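*Asks:* Line by line, the protein sequences give chains A and B. If you read the first sequence in the numbering used here, its first letter stands for residue 1, the second for the next number, and so on. If you read the second sequence in the numbering used here, its first letter stands for residue 1, the second for the next number, and so on.
There may be inaccurate statements among the hints.
Covered stretches of chain A, as calculated for chain B (at least 3 residues, CB under 8 Å) [claimed, not checked]:
id: 1; segment: 176–187
id: 2; segment: 198–209
Calculated pairs, DSSO-like style, for lysine-lysine (alpha carbon to alpha carbon, straight line, at most 30 Å) [to be verified]:
id: 3; chain 1: A; residue 1: K101; chain 2: B; residue 2: K440
id: 4; chain 1: A; residue 1: K11; chain 2: B; residue 2: K260
id: 5; chain 1: B; residue 1: K244; chain 2: A; residue 2: K11
id: 6; chain 1: B; residue 1: K440; chain 2: A; residue 2: K187
No wet-lab data here; the hints were simulated from the structure. Note that this is a predicted model, so its numbers are computed, not measured. We treat Cβ as the ideally placed atom computed from N, Cα and C, and that holds for glycine.
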Amino acid sequence: MRILVVEDDRKTADYVARGLSEAGHVCDVLMDGQDALFQAIRNAYDVLVVDRMIPNLDGLSVVKALRAANVKTPVLFLTSVGGVDDRVEGLEAGGDDYLVKPFAFSELLARVNALSRRPPVQDQKTILTVADLELDVIKRRVARRGQPIELQPREFKLLELLMRNEGRVLTRTMLLERVWDLHFDPKTSVVETHMSRLRAKIDRPFDAPLLHTVRNTGYTLHAAL
Amino acid sequence: MLRSSLFRSTPFRLALGFGTLFVSAFLAMGLIAYQLMNAELSQGLDNSAREIWEVVAATNADGDIEDIVGAVDNYARLSNGEDRIFVLLDPAGNRLAGNFTKPPTESGLAVLSAEEAGLSGEGNYRIVSGKVGDNWLSVGLSLAETDRLASIALKSMAWALALVTVTAFALSAFLATRIRRRLDSIANTMDDVSDGKLNSRIPLIGNGDDIDAVSGQINSALERLGALVDGMRQVSSDIAHDLKTPLNRLQMVLETAAEKIERGEPVSSDVAEARAEGHQINETFEALLRIAQIEAGARKARFAEVDLASVVSSIGEIYADVAEDDGKTLTVLAAAGSDDWVIGDRELLTQMFANLVENAIRHCPEDTQINVSLARSGGRIVAEVCDNGPGIPLGERENVFRRLYRLDKSRTTSGTGLGLSLARAIADLHGASLTLEDNKPGVKVVASFPTIGNTIGQ
Numbered sequence: 001m002r003i004l005v006v007e008d009d010r011k012t013a014d015y016v017a018r019g020l021s022e023a024g025h026v027c028d029v030l031m032d033g034q035d036a037l038f039q040a041i042r043n044a045y046d047v048l049v050v051d052r053m054i055p056n057l058d059g060l061s062v063v064k065a066l067r068a069a070n071v072k073t074p075v076l077f078l079t080s081v082g083g084v085d086d087r088v089e090g091l092e093a094g095g096d097d098y099l100v101k102p103f104a105f106s107e108l109l110a111r112v113n114a115l116s117r118r119p120p121v122q123d124q125k126t127i128l129t130v131a132d133l134e135l136d137v138i139k140r141r142v143a144r145r146g147q148p149i150e151l152q153p154r155e156f157k158l159l160e161l162l163m164r165n166e167g168r169v170l171t172r173t174m175l176l177e178r179v180w181d182l183h184f185d186p187k188t189s190v191v192e193t194h195m196s197r198l199r200a201k202i203d204r205p206f207d208a209p210l211l212h213t214v215r216n217t218g219y220t221l222h223a224a225l
Numbered sequence: 001m002l003r004s005s006l007f008r009s010t011p012f013r014l015a016l017g018f019g020t021l022f023v024s025a026f027l028a029m030g031l032i033a034y035q036l037m038n039a040e041l042s043q044g045l046d047n048s049a050r051e052i053w054e055v056v057a058a059t060n061a062d063g064d065i066e067d068i069v070g071a072v073d074n075y076a077r078l079s080n081g082e083d084r085i086f087v088l089l090d091p092a093g094n095r096l097a098g099n100f101t102k103p104p105t106e107s108g109l110a111v112l113s114a115e116e117a118g119l120s121g122e123g124n125y126r127i128v129s130g131k132v133g134d135n136w137l138s139v140g141l142s143l144a145e146t147d148r149l150a151s152i153a154l155k156s157m158a159w160a161l162a163l164v165t166v167t168a169f170a171l172s173a174f175l176a177t178r179i180r181r182r183l184d185s186i187a188n189t190m191d192d193v194s195d196g197k198l199n200s201r202i203p204l205i206g207n208g209d210d211i212d213a214v215s216g217q218i219n220s221a222l223e224r225l226g227a228l229v230d231g232m233r234q235v236s237s238d239i240a241h242d243l244k245t246p247l248n249r250l251q252m253v254l255e256t257a258a259e260k261i262e263r264g265e266p267v268s269s270d271v272a273e274a275r276a277e278g279h280q281i282n283e284t285f286e287a288l289l290r291i292a293q294i295e296a297g298a299r300k301a302r303f304a305e306v307d308l309a310s311v312v313s314s315i316g317e318i319y320a321d322v323a324e325d326d327g328k329t330l331t332v333l334a335a336a337g338s339d340d341w342v343i344g345d346r347e348l349l350t351q352m353f354a355n356l357v358e359n360a361i362r363h364c365p366e367d368t369q370i371n372v373s374l375a376r377s378g379g380r381i382v383a384e385v386c387d388n389g390p391g392i393p394l395g396e397r398e399n400v401f402r403r404l405y406r407l408d409k410s411r412t413t414s415g416t417g418l419g420l421s422l423a424r425a426i427a428d429l430h431g432a433s434l435t436l437e438d439n440k441p442g443v444k445v446v447a448s449f450p451t452i453g454n455t456i457g458q
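Working from the sequences, and respecting the hints, build out all of it.
*Replies:* Shown next as structure tokens:
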């Protein structure tokens, strides 16, 4: 993937660019808002990683200008401003995701991957299958090997998200935001608790586990390798 | 010492304005009274001049002028000095009787000066003339008396005017100076405050007037400001203190790791520990920033109607299993769909209840029963988060809302000491009160929200 990183702090930019390159992506780094706007319009990037506070033109304005110019490249905002308002502002300006500094690189990578492969809304399938696990979004039914499984509404939402992102790592924070709509870091093991309950329902009765924990990062759902 | 020129002060200008208005009104009133008096006096004089003329003329008989000559001479002789003047002329213009010589030649009323009338004295005369038979009779009355009265009236009015003017302006200046002095004391206090003396207060007179009331309000604002600044100082030093500990630990971990690397030992556990410490420090800052942002109040712009019951029941959905896994029971008594709407921010309200429930889960021993309930009471929506755990001592109940404050017994559990401060900040933003009460045993956190109608009314 071709990724443009717009970040004026040299250390952060290097950290992000090195990590993304190691993960196999082609990465351009710019430190200036105006340059970023021109580059993003001229080149077909797959994902833009944009800091909110950059010289000449702030990140928010860059993305607004891009959206006005009908450039639909997914944007991940990076910022040290950890306010909720800033997150909402960023999303309203046309950003697709938001990550507050300091962040673990695995978190950034997971989010960039999720952004780049997010399918257009109209293409979303209504029956999801991973190996022998099947989930019907419309009928709200889950079955494995033909055996129906009863899930709580939140567990259903959690499983749906994991299945739509088959094989991709979803971090704890991403799950908190997308499943429980919690935009802060809980002090209790919310994710772990619900994940273990889901696991008990979809994995424990069967011999081949589908739900995998990625240490220090998050969770992923895929068929046994 | 007055801070600025008296003439530029608002109270003085105001008093001056009123003084001028008052003096002008008095002047106008005086002028009207003077005019009326003058008119009345000259009317009276004219009438008596005419009356005397009629009386004298009545003594005339056809062809015999002896009676009228006698009457004119009698009247002239009886008149005191030259107060009243009379003259009777024959058709040729020779004086037949009287005490003056040059009457007007037109019949009716006229005003003549003494000189014009051929008299030695001064002053004016009101003269009535007319033909009596073939002869010409003129009767005049001196205007000296009315002129004197008018001049007395004018003089007394001038004195009164002078007195009123001086009094009005002196009083204005006196009142203005007094108000000015009080405004100056406010300005001096504000100067002190600008210079950093936050304990400076405006002296109150205690008569309860408007300036006193405003001063009192400024004083209480200063009181709050002072408390806030003190709180901030306290928080700054608390932060410095609270962050120094994990920073020290972080440094020690890194030193240990560096030594291990020199000895060629594995350091992955140290790195994990350092990461955890770093995470903790970041979290503290994150929470502090969040509180600051919430207190700044910008989020109010995004307020909408929120169903508190659905917030509370989603908290129940999220945390019931978490509590169960931790050996506690969480029960939520809130029927979604009931009329528990407030004006607020769903995300923040969720965080507030999450913080309260997490506090109960983390700080209570196993087998604790945690209840979350929602009820309407006296026009407010009251949410309670209760537990039957060990509780919080009475003296500490307000302290736990302070930033970074942690009870000694919970110093060992992880946490930033900011959860309740954040909850309080969110409650404040929503115009709700958040208090700790005794649940006998345990803690009862009570959040009391205004209902929608009451929020709009505020």
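*Asks:* The structure should be examined with respect to each hint, and the outcome stated for every one.
*Replies:* Hint by hint, here is what the structure shows:
1. 176–187: holds (count 8)
2. 198–209: violated (count 0)
3. K101/A x K440/B: Distance ~43 Å between K101/A and K440/B Cα, so the pair is violated.
4. K11/A x K260/B: holds, 26 Å
5. K244/B x K11/A: Cα-Cα ~25 Å, so holds.
6. K440/B x K187/A: holds, 26 Å
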